[in-house]
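There are 2 protein chains.
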Amino acid sequence: MTTTDSPAKLDHPIRNGVDTATLFATLDAVRQAPEAAKFQFRAHNQWVSGTHNRGTIDDYFGVGEERTHERSFVFDADHPAVLVGQDHGPTPVEFVLHALAACLTAGLANIAAARNIKLTEVHSTVTGDIDLNGILGLNPEVRNGYQQITVRFAIKGDAPAEKLRELLEQSRARSAVYDVVTNGVPVAIEVDTA
Amino acid sequence: MTTTDSPAKLDHPIRNGVDTATLFATLDAVRQAPEAAKFQFRAHNQWVSGTHNRGTIDDYFGVGEERTHERSFVFDADHPAVLVGQDHGPTPVEFVLHALAACLTAGLANIAAARNIKLTEVHSTVTGDIDLNGILGLNPEVRNGYQQITVRFAIKGDAPAEKLRELLEQSRARSAVYDVVTNGVPVAIEVDTA
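Residue numbers (numbering that gives the first Met the number 0), protein chains in the order written: chain A, 0 to 193; chain B, 0 to 193.
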C-alpha cells in the first residue's frame with residue numbers, strides 16, 4: 000500500500016475515508032469465522048396520526064452478539080398534502096430510493112479504496128416511476144410498487160473513466176439493497192391485536 | 000359518516016388523523032383523470048467519506064407537475080464500526096426496513112379511516128436477516144441482500160381482532176414498498192465520469 004490520505008498514519012492507511020487495514024482484517028476474520036457475518040437488522044415504527052409515522056433504528060445483531068448503533072436514528076415518514084398527508088417526512092417509497100443510492104455509494108468507496116483509486120466526488124440521483132392507480136386500487140392492471148427505477152451516478156477520481164465505471168459495476172454486483180430491490184425478498188407478516 | 004374525531008368539523012371528518020373527505024375526493028379525482036396518479040419520486044445522494052454518505056429527498060413529480068416537499072429531508076447513511084464505518088447513520092439496508100414499516104403503517108391508518116375503525120395504537124418491528132458473506136464476496140452461494148424479512152405489528156383499535164387483522168392484510172395488498180421488496184423492480188444504472 001503506497002498511497003494514504005494521512006501521512007501521519009502510514010501503518011494504518013486511509014483511502015477515501017476507508018480504513019483499508021481494518022477492511023482487509025475484517026474480511027480475513029470473516030473468512031476464518033463465517034458465522035460472524037450473520038446479521039439481523041431491525042427497524043421499529045410507531046404510528047403518529049394519519050399517514051404520519053416514526054421509525055427508530057438502533058439495535059441489531061451481528062458478529063455473534065446484540066449490538067446498538069452509537070445513537071438511535073429516528074425518521075418520520077408521511078405523505079405530502081397532494082397524497083392526503085401532512086408532509087412530516089418523505090413517503091415510504093422515497094426511503095427505498097435513498098437506501099439504494101446509499102448502498103451503491105458506500106460500496107463504491109470501499110471498492111475504490113481496495114483498488115487504490117482515490118475518489119474526489121461521487122453523487123447520484125435515483126428516480127422511481129410509480130403509477131398510484133395501483134395502490135389506490137383503481138386499476139388492477141397496475142402494480143403497487145415502482146414500475147422502473149433509474150440510478151444516475153457522477154463519479155470523479157484519479158483513475159480513467161473505465162476504471163471508475165468498473166467500480167460502480169462491482170458495487171452493483173455486491174450491493175445488498177440492489178439485490179433486495181431487483182430480486183425481492185420473502186416477507187412474513189405477523190400481527191398481535193391483544 | 001357518523002364518526003369524527005373533531006366535532007367542530009362535522010363537514011370534514013377526520014378519523015385516525017386521516018382527512019377522509021379529501022381522501023375520497025382524491026380517489027374520485029384520480030378515477031376521473033388516471034394520468035394524475037403518475038408520480039416520479041427521487042432521492043439525491045452525496046458521498047461524504049468512506050461508507051458515510053448523505054441523501055436528500057425534496058423534489059418529485061406528481062399530479063401533472065413538478066413539486067417539492069415542504070422542506071428538504073436529509074438523511075445520513077453509514078456503516079457501524081463493526082462494518083468498518085463510523086456509524087454516522089443507519090446502514091442502507093436498515094432504511095429498507097424502515098420504508099416497509101412506514102408504508103404498511105400509513106396504509107393501515109388510511110384503510111381504518113375508510114372503514115370507520117378508530118385506531119388507538121399501532122407499532123411494529125421489521126427484522127431482516129442477512130448473511131454478509133454475500134456482499135463481502137466470500138461465498139458465492141450467499142445472496143447479497145436479506146434472506147428473510149419479518150414484520151411484526153401490534154394494533155389496537157375499536158374493532159374486533161379479526162377486523163384489525165383485515166386492515167393489515169388490506170394494507171399489505173396495497174403497499175408499494177411491500178410490492179417492491181417482495182417482487183423486485185427493474186433498476187437501470189447510468190454513470191457519468193466526465
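There's no promise every hint is true.
The list cannot tell twin chains apart, which means a pair is met if one copy fits it or any two copies do.
What the hints assert, rightly or not - Cross-link-like lysine to aspartate or glutamate pairs, in silico, EDC-like; alpha carbons within 20 Å at most:
#1 LYS155 / ASP27
#2 LYS155 / ASP191
#3 LYS37 / ASP86
#4 LYS37 / ASP75
Hints listed in this document are in silico derivations from the structure and should not be mistaken for laboratory results.
Honestly, which of those hints from before does the structure not fit? As far as the earlier hints go, 1, 4 are violated by this structure, in ascending order.
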